[in-house]
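*Asks:* Can you make the complete structure from the sequences, with help from the hints?
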Amino acid sequence: MLAQIVTSLFNQDFFKVPYWAIWLQTSLFILVLAYIAFLLPGLSWQKAWFVSVGLTMILGLIYLNLLNQSVLVQLMPVILLIPCGHLSLQAKRAIVAYQDVFRSHPDAVESNRLLGLAFQGQGQLDLAFEKFRLCPPNDTILGLLYNLALDYKQKRQFRRARAVYRFMMSHNPNFRDISLRLEQLRYLKQPKFPPGNLKDWLQIDSNEKPILGRYRIEKTLGKGAMGVVYLGQDTKLNRLVAIKTLPLSQEFEAEELQEATIRFFREAEAAGRLTHSSIISIYEAGEEQDLAYISMEFFKGGNLVAYTVPNNLLPIFQVIDIIEQAAKALDYAHRQGVVHRDIKPANIMYNQVTGQIKMTDFGIAYITDSNKTRTGIILGTPSYMSPEQLAGKPVDGRTDLFSLGVMLYKLLTGVLPFQADSLTTLMFKITNESPLDITTVRADVPLCLKRVVEVALQKEVNKRYQSGAEFACALHDCQTNGEI
5 MLAQIVTSLF
15 NQDFFKVPYW
25 AIWLQTSLFI
35 LVLAYIAFLL
45 PGLSWQKAWF
55 VSVGLTMILG
65 LIYLNLLNQS
75 VLVQLMPVIL
85 LIPCGHLSLQ
95 AKRAIVAYQD
105 VFRSHPDAVE
115 SNRLLGLAFQ
125 GQGQLDLAFE
135 KFRLCPPNDT
145 ILGLLYNLAL
155 DYKQKRQFRR
165 ARAVYRFMMS
175 HNPNFRDISL
185 RLEQLRYLKQ
195 PKFPPGNLKD
205 WLQIDSNEKP
215 ILGRYRIEKT
225 LGKGAMGVVY
235 LGQDTKLNRL
245 VAIKTLPLSQ
255 EFEAEELQEA
265 TIRFFREAEA
275 AGRLTHSSII
285 SIYEAGEEQD
295 LAYISMEFFK
305 GGNLVAYTVP
315 NNLLPIFQVI
325 DIIEQAAKAL
335 DYAHRQGVVH
345 RDIKPANIMY
355 NQVTGQIKMT
365 DFGIAYITDS
375 NKTRTGIILG
385 TPSYMSPEQL
395 AGKPVDGRTD
405 LFSLGVMLYK
415 LLTGVLPFQA
425 DSLTTLMFKI
435 TNESPLDITT
445 VRADVPLCLK
455 RVVEVALQKE
465 VNKRYQSGAE
475 FACALHDCQT
485 NGEI
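With the sequence shown counted from 1, adding 4 to any position gets you our numbering.
Everything labelled a hint here was simulated from the structure, so no lab data went into it. Where hints are given, some of them may not hold.
What the hints assert, rightly or not - Result set (DSSO-like, lysine-lysine): computed pairs, CA atoms no more than 27 Å apart in a straight line:
#, residue 1, residue 2
1, K397, K433
2, K397, K332
3, K240, K223
4, K463, K397
5, K433, K467
6, K240, K304
7, K213, K240
8, K135, K96
9, K433, K454
10, K213, K227
11, K159, K135
12, K213, K159
13, K227, K240
14, K467, K454
15, K463, K332
16, K135, K240
17, K51, K96
18, K223, K213
Stated by the list, open to error - Simulated DEER-style distance windows between Cβ atoms:
#, residue 1, residue 2, range
19, E437, G125, 53 to 61 Å
20, D448, E263, 41 to 49 Å
21, P319, L440, 20 to 28 Å
22, E263, W49, 55 to 63 Å
23, F19, S174, 45 to 53 Å
24, L440, T484, 24 to 32 Å
25, T144, S281, 44 to 52 Å
Beta carbons: idealized from backbone N, C-alpha and C, even for Gly.
*Replies:* Laid out in structure tokens, this is it:
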């Protein structure tokens with residue numbers, strides 16, 4: 005072999021790699037890629053086979069001819085790319101054909117259609133679009149897609165609405181007025197939530213009302229501790245609901261966003277466990293475009309704040325009835341392992357016509373299950389806090405009963421039992437000083453009711469009422485002993 009190599013070198017009988025070899029390799033590689041990517045998918049099976057074989061033979065002849073001229077150009081990778089691309093495309097076509105046959109089966113079509121409608125009814129429009137696209141694009145399915153695009157538009161998700169219209173146009177560009185609607189959507193931009201609240205985004209107009217999840221926003225009801233509350237219409241069950249919202253990305257910094265989200269959904273977790281006639285029912289919690297929301301029972305009536313001023317106090321028997329209802333509701337919640345931690349007039353809804361109350365805003369409710377941390381955190385309204393809550397100590401249901409006692413004092417007199425010019429002084433008074441004798445503020449308060457207030461406002465938790473049922477029983481006895 006060594007002799008043969010030496011002889012070939014002397015006779016200059018060897019392969020040469022010309023300077024233009026790399027340019028030829030690159031050019032042919034680009035041409036073959038363009039053929040596989042653009043031309044081959046549009047050919048029928050027979051034509052694709054014929055063209056691929058012909059192109060392979062032509063490149064093979066070019067390669068052999070160059071070798072005969074002792075010119076070495078590395079064309080084998082390019083030549084092998086043609087049959088590999090052809091076989092890959094045919095395999096893809098076979099898989100797609102199999103999937104189309106499976107999806108076109110009547111049972112599969114009906115299943116995907118029903119799933120799409122179910123997802124759309126729940127406000128999960130992306131999943132609905134995915135299921136509708138698996139159905140044959142006949143007029144029925146296109147009609148469903150048309151309604152889906154309208155839902156996207158109502159939710160101000162214009163980019164997704166455009167995607168639905170473009171999908172429809174790829175199958176039937178003359179279906180209804182999709183061309184006009186697609187043109188209109190090109191001038192609309194994705195909404196950005198304004199700082200502070202959603203008033204601008206949820207602006208009600210005469211034509212279309214915005215959609216949040218599966219709820220159509222009707223009007224603003226008020227601003228709660230954690231966000232704006234809206235009146236909504238459940239489009240699936242056709243009922244009015246109250247929707248509490250919080251634009252998380254606007255209200256919290258990035259490092260606080262996760263904690264805020266957890267806290268917001270803790271409200272739904274806590275209150276969702278409670279089913280009581282005096283507690284607002286929670287229906288659903290969700291999140292959309294960094295906007296968390298909770299839908300809950302819509303209760304006609306206002307909070308008790310209006311009845312805590314001296315010139316608008318309720319009769320004593322009505323105050324007792326309200327606090328008794330609240331005590332029973334808290335007793336139920338505490339037995340479920342939920343501590344409210346923010347009992348105050350603003351969180352008690354009251355219908356004066358029916359005399360019914362509804363406790364709301366378990367936004368800082370604390371789950372006292374055994375697997376949860378029990379480290380105390382100062383959350384809530386300081387004037388209504390218990391001494392142990394202000395001290396950051398572990399709390400249980402008895403801290404709510406202290407706050408309920410403060411609220412009872414406020415509803416009876418129009419003033420707070422502990423008042424100060426600064427938060428530090430207020431905390432000191434709540435922790436160390438006794439409240440002002442309620443009969444010196446309002447002389448007609450019965451002695452039995454005075455004793456109830458004194459027990460509820462005891463500094464030591466063991467000296468207070470130990471349950472809401474005990475608190476409610478004391479109020480009931482006060483009504484039945486003839487003093488009121």
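*Asks:* Hints first: check each against the structure and report whether it holds.
*Replies:* Going through the hints against the structure:
A C-alpha spacing of about 17 Å is found between K397 and K433, which places the hinted pair at or below 27 Å, so the restraint holds. Restraint check for K397 and K332: satisfied, since their Cα atoms lie roughly 25 Å apart, inside the 27 Å limit. For the hint pairing K240 with K223, the CA-to-CA distance comes to about 19 Å; that is within 27 Å, so the pair holds. Among the hinted pairs, K463 with K397 is consistent with the structure: their alpha-carbon atoms are about 13 Å apart, no more than 27 Å.
Between K433 and K467, the direct Cα distance comes to roughly 18 Å. Compliance with the 27 Å bound is thereby established for this hinted pair. Between K240 and K304, the direct Cα distance comes to roughly 22 Å. Compliance with the 27 Å bound is thereby established for this hinted pair. A distance of roughly 16 Å separates the Cα atoms of K213 and K240; the hinted pair therefore holds under the 27 Å criterion. Between K135 and K96 the alpha-carbon distance is near 21 Å, which keeps this suggested pair within the 27 Å criterion.
Our distance criterion of 27 Å between C-alpha atoms is met by K433 and K454, whose separation comes to about 20 Å. Pair hint K213 plus K227 holds up; C-alpha atoms about 20 Å apart against a cutoff of 27 Å. At roughly 20 Å between alpha-carbon atoms, K159 and K135 fall within 27 Å of each other, so this suggested pair holds. For a cut-off of 27 Å, the pair hint linking K213 to K159 stands: about 9 Å separates their Cα positions.
Of the supplied pair hints, the one linking K227 and K240 holds, its CA atoms being roughly 26 Å apart against a limit of 27 Å. A hinted pair counts as satisfied when its Cα atoms are at most 27 Å apart, and K467 with K454 qualifies at roughly 16 Å. Taken as a hint, the K463 and K332 pair is honoured in the structure, with Cα atoms around 22 Å apart against an allowance of 27 Å. Distance hint between K135 and K240 is fulfilled; the C-alpha atoms sit about 19 Å from each other, no more than 27 Å.
For the hint pairing K51 with K96, the CA-to-CA distance comes to about 17 Å; that is within 27 Å, so the pair holds. Among the hinted pairs, K223 with K213 is consistent with the structure: their alpha-carbon atoms are about 9 Å apart, no more than 27 Å. A hinted range of 53 to 61 Å for the beta carbons of E437 and G125 is consistent with their spacing of about 57 Å. As the Cβ distance of D448 to E263 is approximately 48 Å, the hint placing it in 41 to 49 Å holds.
The supplied range of 20 to 28 Å is met by P319 and L440, whose beta-carbon atoms lie about 22 Å from each other. Between E263 and W49 the CB atoms are about 59 Å apart, so this pair conforms to the stated range of 55 to 63 Å. Our hint of 45 to 53 Å for F19 and S174 holds, since their Cβ atoms are close to 52 Å apart. Between L440 and T484 the CB atoms are about 28 Å apart, so this pair conforms to the stated range of 24 to 32 Å.
Our hint of 44 to 52 Å for T144 and S281 holds, since their Cβ atoms are close to 45 Å apart.
In this structure, every one of the numbered hints holds.
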